[in-house]
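Residue numbers (UniProt numbering), protein chains in the order written: chain A, 1 to 121; chain B, 1 to 430.
Keep in mind that the hints are not guaranteed to be accurate.
[Stated by the list, open to error] Cut-off 27 Å, straight-line C-alpha distance, at most; resulting in silico cross-link-like pairs (DSS-like, lysine-lysine):
#: 1; chain 1: A; residue 1: K60; chain 2: B; residue 2: K385
#: 2; chain 1: B; residue 1: K385; chain 2: A; residue 2: K98
#: 3; chain 1: B; residue 1: K216; chain 2: B; residue 2: K238
Simulated from the structure, these hints should not be mistaken for laboratory data.
Every value quoted in this text rests on a predicted model; they were computed, and no experiment measured them.
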Amino acid sequence: MLKQVSVWAVAGMIATVTLTGCDSGDAGKTSGVRAIEDEFNPRGQILALSCASCHGTDGKSVGIMPGFYGKSQVYLENALKQFKNGERYSTVMERHAKGYTDEEITLIAEYFGWACQQTTN
Amino acid sequence: MNQNISRRGFNKLVLTGIAGSTLGAFGMATPLFANQKHVVVIGGGFGGASAAKYIRKLDPSIAVTLIEPDSTFYTCPFSNWVMGGLKAMKDIAQTFDVLKNRYNVDVIHDTAVEIDAVNHSVTLMGGKVLNYDRLIVSPGIDFKYDALEGYSREAAETVMPHAYQAGPQTELITRQLQELRDGDNVLICPPGNPFRCPPGPYERASLIAHYLKEHKPNSKVIILDDKEKFSKQGLFMKGWERLYGGMIEWRSASMGGKVLGVDTKAMTVETEFGPEKGGLINIIPPQVAGKIARDAGLVDSSGWCPVNPITFESSIHPGIHVIGDACIAGTMPKSGFAASSQGKVTAAGIIRLMQGKVPAPPSLVNTCYSLVAPGYAVSVAAVYKLTSDGIVSIKGAGGLTPMDADEDQLAEEATYARGWYKNIAQDIWG
Numbered sequence: 001m002l003k004q005v006s007v008w009a010v011a012g013m014i015a016t017v018t019l020t021g022c023d024s025g026d027a028g029k030t031s032g033v034r035a036i037e038d039e040f041n042p043r044g045q046i047l048a049l050s051c052a053s054c055h056g057t058d059g060k061s062v063g064i065m066p067g068f069y070g071k072s073q074v075y076l077e078n079a080l081k082q083f084k085n086g087e088r089y090s091t092v093m094e095r096h097a098k099g100y101t102d103e104e105i106t107l108i109a110e111y112f113g114w115a116c117q118q119t120t121n
Numbered sequence: 001m002n003q004n005i006s007r008r009g010f011n012k013l014v015l016t017g018i019a020g021s022t023l024g025a026f027g028m029a030t031p032l033f034a035n036q037k038h039v040v041v042i043g044g045g046f047g048g049a050s051a052a053k054y055i056r057k058l059d060p061s062i063a064v065t066l067i068e069p070d071s072t073f074y075t076c077p078f079s080n081w082v083m084g085g086l087k088a089m090k091d092i093a094q095t096f097d098v099l100k101n102r103y104n105v106d107v108i109h110d111t112a113v114e115i116d117a118v119n120h121s122v123t124l125m126g127g128k129v130l131n132y133d134r135l136i137v138s139p140g141i142d143f144k145y146d147a148l149e150g151y152s153r154e155a156a157e158t159v160m161p162h163a164y165q166a167g168p169q170t171e172l173i174t175r176q177l178q179e180l181r182d183g184d185n186v187l188i189c190p191p192g193n194p195f196r197c198p199p200g201p202y203e204r205a206s207l208i209a210h211y212l213k214e215h216k217p218n219s220k221v222i223i224l225d226d227k228e229k230f231s232k233q234g235l236f237m238k239g240w241e242r243l244y245g246g247m248i249e250w251r252s253a254s255m256g257g258k259v260l261g262v263d264t265k266a267m268t269v270e271t272e273f274g275p276e277k278g279g280l281i282n283i284i285p286p287q288v289a290g291k292i293a294r295d296a297g298l299v300d301s302s303g304w305c306p307v308n309p310i311t312f313e314s315s316i317h318p319g320i321h322v323i324g325d326a327c328i329a330g331t332m333p334k335s336g337f338a339a340s341s342q343g344k345v346t347a348a349g350i351i352r353l354m355q356g357k358v359p360a361p362p363s364l365v366n367t368c369y370s371l372v373a374p375g376y377a378v379s380v381a382a383v384y385k386l387t388s389d390g391i392v393s394i395k396g397a398g399g400l401t402p403m404d405a406d407e408d409q410l411a412e413e414a415t416y417a418r419g420w421y422k423n424i425a426q427d428i429w430g
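In isolation and in its complexed conformation, chain B is listed as follows (with noise of 0.2 Å):
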């Protein structure tokens, strides 16, 4: 029997093992050893995070640094719970005390502001540069603020939120919500595809209703929308229906919903049907991968980055690895789970890669649930693998919710809903 070999995929950290004698002895960075690999980490949301715990849980040896600006991460998955009154913004801050401490992930709290793709180095804004055999950029969304005439990040930060990074935006809509008269409406304005979160803008409209239906009865939401449909469609407007009456509408581009510009004094978003005056008014701008992925050169003229779908390394500089919303994935969405998925994927290939072996053929999957209010939630499964069309999603499996789900089923899913994100964080962060 081969019970007592060891076998890493379950190893707890052994600190008395290779990696303990090098690293967090002290709680200090990682003095390298001159033959250990090292794998740099650009961002500590859901990808990024990933990548650098499940290098580190599966194979030790390999020394990573990540690199996060914020110590705290408040993550965009149930940030839309806080608008509606359901979760405090302490609910969706993640730390990395447990990278940190017992993954002996090197955490520098920074900005990487170059990446010098032939010397394989990457330069901080404190001026630390540091050096990879791997580098993983994991830098999540930009937005396009001059796509809409009268809009910018100052708009943003002020005046019309996008509230599609989590953290001081979140904390803006949610009082600019609780401060909004009763009467007035509020205006959601999603960009088209691809974007960040498909669903993202319609669980928002489910709790901010929600939210109206108790405290500001009078007023009602307003999706002003780039597409001519949207994730979850069915489902949502079923639900709308049932719960929020006419409170919800929804305006698809061609019946008014383009949104062309925004007056930030008039408060108003001028569409090709005329003006449309909010009260709290959401702008989700046009989106493009994160600002150090542009300035390195991995994206194409999209403004996404293409990755081999293996290993995520990108196709334009060997030796870096780009997910999460940043990369062009096949048919996966842009979504935390998605990019914690690809994360691991690309943990597993890089650790093959660096022993000299061949990486696995990847397996990929994504769940989204959407609350649609407190005990009524719906979801979206799909399972992933790579054909020659790329990553493409595995038919016959995978789906939503059935359209004729009761009650008891639809609470079942927003239980499990709050399970999904307590497990993800733990995955992630934990």
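Chain A extracted, bound-state conformation (with noise of 0.2 Å):
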């Protein structure tokens, strides 16, 4: 079902989806509703370098930290909004989600969900 869906169009309405990441299904395949171009969204690097000293370089984890390396733009984005509003118990994550916007999260997400978009097709 989702990968005939924007993106866009569902980030607001999946929050009771649970994806796994590309190797559940479709998932990767939706991160190519928006294009990737030539180069990286620059802000998008900035803000997803940041994760990495958590959860390790591009997101694989070494340590009890979950990694997230290889999983979906939109499994991404479902989580790190359900972190921001609370909806998903966390000892930390709630506070740093709280740091960035919606577009941020998105452009984060994409960062990463690159990843699993590679693995998939």
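Could you use the hints to bring the two separately framed chains together as a complex?
Below is the structure:
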């Protein structure tokens, strides 16, 4: 279902949908709805680099923090918004997620979601 | 679809690419092409190593040389855990093998002794002169030993360690703690603001108390502070009361905490309320930016380095970026996490500048876990952005572990503290 729907359109209404990442099915292909240009969005990059300090380079965690390498843009955007809204339990992630606008969360999800797109296409 | 377009952010280093042809094929130092951009980084700690790795990761066409005196870097984060007997020195030891071998950073174990900001060169103690297109200075802190009468570098190295640069100092204070006579007190004397790792002395007090509780139950920790309040104060004090009873006593500057001098023979510190004797005396002196930053004229009258908040380029010398504890980064604390965050922002900014593009506005983060006891940790977090007031933390975000956090949550934070260390070490040196 999701693959036919724009990420932008569903972003606000998928709070109850749980996607575990590319390997769960169609999530990866949905991230193709927004064309990735020759270069990544530099704002997305700057925002996203912070995440690696706790979650590992590119989201490849070697500690107990969840890794998110290869997760889809939809999954990441959804998770971050749930943290931000307090809908998802966390110790520190809510405090972090509240520091980003919804647009910035989309940029972060897009940046890391790229890896998912690569693995599923 | 654009899925086949290579995006550097996720590329593994492609050794057959442009970079591979110039770098590291035989593990040799980097022979630079005439047109290849070259960044030199001074300091292999949280800031410098992050910047070096991320420049190479995000744009392998840029050559990076990292100058770091030591082949093993011991991290200040988690060094308090060593004092408390919870970690060994090897657990806080980081090396540069991955930066060298995987990211093809040219790591030179030497000390930078001179920066020529006009001719864009750095001279090393060994005599080598390196030219740079851009220089990143991440020297950490130095101590103002002469701020306290009777204290000196020699006193720190033999009798009253600061243990605020990890390594031999960590080993010295840990040994002194183990040799402490049961019933003798530990004095911890933190400086006024600003200083490296604001919650550090209080985590240290916690973990030393943890050790004393098990091994020297008649001893206690007295904190003689040069401040009226301190980082995570409410959370620490609540934890101390719950876990250590009266074993940790904190005296603010105005309540006799202000230290005027030390007597290394008598093993006392002089306060406004008289001398205080200790079996172990930990003096954390006031601090300034590392020597090379001061020698190169990168500091202002505060002793720290003013920078452009977008690229961390020095406000004094163009072409030189200063990151980490040495720089003035708005309301960001001087922490390893902050230094790494600044290192990555600077890496991205330098790449944009070298590509003739406008750097993106900075986004920075700090998260700091403090262990109060094994299985009991508290944290503070903040997200930072650039405003007309400089780099400030975003209101409504960040903040402390809630004061009413239950035991499970505090235990969870302790587990995440361990996970954080593994991941940030991997993100920087791995």
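Taking the hints in turn, this is what the structure says about them:
For the hint pairing A:K60 with B:K385, the CA-to-CA distance comes to about 25 Å; that is within 27 Å, so the pair holds. With a CA separation close to 13 Å, the supplied pair B:K385 and A:K98 stays within the 27 Å bound. Distance hint between B:K216 and B:K238 is fulfilled; the C-alpha atoms sit about 22 Å from each other, no more than 27 Å.
In summary, this structure violates none of the numbered hints.
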